[in-house]
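So that you can map any letter, position 8 of the sequence shown is 8 in full-length UniProt numbering, and since no number is skipped, the others follow by simple counting.
Bear in mind the hints are in silico, worked out from the structure with no lab data behind them.
Built from N, CA and C at the ideal position, the CB exists for glycine as well.
It cannot be assumed that every hint is accurate.
To be verified - Cβ pair distances, simulated, as ranges:
| hint | residue 1 | residue 2 | range |
| --- | --- | --- | --- |
| 1 | Gln53 | Arg78 | 31 to 41 Å |
| 2 | Gln70 | Val42 | 30 to 40 Å |
| 3 | Ala60 | Glu35 | 41 to 51 Å |
| 4 | Gln53 | Arg80 | 36 to 46 Å |
| 5 | Glu35 | Ala61 | 34 to 44 Å |
| 6 | Arg76 | Ala49 | 35 to 45 Å |
| 7 | Asn54 | Gln79 | 18 to 28 Å |
| 8 | Gln79 | Ala49 | 21 to 31 Å |
| 9 | Ala74 | Asn54 | 28 to 38 Å |
| 10 | Glu39 | Ala61 | 23 to 33 Å |
| 11 | Gln79 | Arg45 | 21 to 31 Å |
| 12 | Ile59 | Arg80 | 23 to 33 Å |
| 13 | Gln38 | Ala81 | 21 to 31 Å |
Stated by the list, open to error - Listed below are the simulated SDA-like cross-link pairs for lysine to any residue, each with C-alpha atoms no more than 20 Å apart in a straight line:
| hint | residue 1 | residue 2 |
| --- | --- | --- |
| 14 | Lys50 | Glu64 |
| 15 | Lys50 | Ser68 |
| 16 | Lys50 | Ala69 |
| 17 | Lys50 | Ala62 |
| 18 | Lys50 | Ala66 |
| 19 | Lys50 | Leu65 |
| 20 | Lys50 | Ala60 |
| 21 | Lys50 | Ala61 |
| 22 | Lys50 | Ala73 |
| 23 | Lys50 | His63 |
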Amino acid sequence: MVPFTTTPVDKPRAVTIDGERRESDPATLAVQSVEVSQEPDVAPRLLPAKVLQNDAEAIAAAHELAASAQINAANRDRQRALP
1 MVPFTTTPVD KPRAVTIDGE RRESDPATLA VQSVEVSQEP DVAPRLLPAK VLQNDAEAIA
61 AAHELAASAQ INAANRDRQR ALP
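Taking the hints into account, I'd like the entire structure generated from these sequences.
See the structure below:
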């Protein structure tokens with residue numbers, strides 16, 4: 001087992017050797033930025049959205065959704081893909 005010490009991120013310490021600044025010195029750290037797409041990762045709708053009024057409509061909608069998920073289900077299972 002190798003002993004090690006950690007330094008809290010919010011309290012960086014400057015390490016100097018022979019007057020030379022090291023990477024742990026906050027004055028020498030470079031800032032990196034990453035651009036991220038703001039578009040949400042949304043799948044296309046398979047069925048139109050509608051407000052269900054009662055249990056019978058909910059059950060019918062569940063059967064309709066199950067029927068659409070059943071298409072190519074065996075292939076998706078083999079590929080471990082989501083419907």
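Cross-check of the supplied hints:
About 39 Å separates the C-beta atoms of Gln53 and Arg78, a value consistent with the hinted range of 31 to 41 Å. For Gln70 and Val42, the hinted distance range of 30 to 40 Å is not satisfied, since their beta carbons lie about 23 Å from each other. As the Cβ distance of Ala60 to Glu35 is approximately 45 Å, the hint placing it in 41 to 51 Å holds. At about 37 Å, the CB distance of Gln53 to Arg80 agrees with the hint of 36 to 46 Å.
Evaluation of the 34 to 44 Å hint for Glu35 and Ala61 yields a pass: the beta carbon distance comes to about 40 Å. Between Arg76 and Ala49, the C-beta spacing of about 23 Å breaks the proposed range 35 to 45 Å. As the Cβ distance of Asn54 to Gln79 is approximately 37 Å, the hint placing it in 18 to 28 Å is violated. Separation of Gln79 from Ala49 is about 28 Å and conforms to the stated range, judged on CB atoms against 21 to 31 Å.
The hinted window of 28 to 38 Å between Ala74 and Asn54 holds, with their beta carbons roughly 34 Å apart. Separation of Glu39 from Ala61 is about 28 Å and conforms to the stated range, judged on CB atoms against 23 to 33 Å. As the Cβ distance of Gln79 to Arg45 is approximately 22 Å, the hint placing it in 21 to 31 Å holds. Take Ile59 and Arg80: their Cβ atoms lie about 29 Å apart, and the range 23 to 33 Å holds.
A beta carbon spacing of about 26 Å between Gln38 and Ala81 agrees with the range 21 to 31 Å that was offered as a hint. Restraint check for Lys50 and Glu64: the C-alpha separation of about 13 Å stays at or below 20 Å, so the hint holds. Under the criterion of a C-alpha separation no larger than 20 Å, the hint pairing Lys50 with Ser68 is consistent with the structure, at around 17 Å. A C-alpha spacing of about 18 Å is found between Lys50 and Ala69, which places the hinted pair at or below 20 Å, so the restraint holds.
Between Lys50 and Ala62, the direct Cα distance comes to roughly 13 Å. Compliance with the 20 Å bound is thereby established for this hinted pair. Proposed proximity of Lys50 and Ala66 is supported: the alpha carbons are some 17 Å apart, at most 20 Å. Among the hinted pairs, Lys50 with Leu65 is consistent with the structure: their alpha-carbon atoms are about 13 Å apart, no more than 20 Å. In summary, the hint linking Lys50 to Ala60 is supported, as the alpha carbons are separated by about 12 Å, within the 20 Å threshold.
For the hint linking Lys50 to Ala61, the alpha-carbon distance of about 10 Å falls within 20 Å, and the restraint holds. Simply put, Lys50 and Ala73 have alpha-carbon atoms about 25 Å apart, too far for the 20 Å limit, and the pair is violated. Taken as a hint, the Lys50 and His63 pair is honoured in the structure, with Cα atoms around 15 Å apart against an allowance of 20 Å.
This entry does not satisfy hints 2, 6, 7 and 22, going by the numbered hints stated previously.
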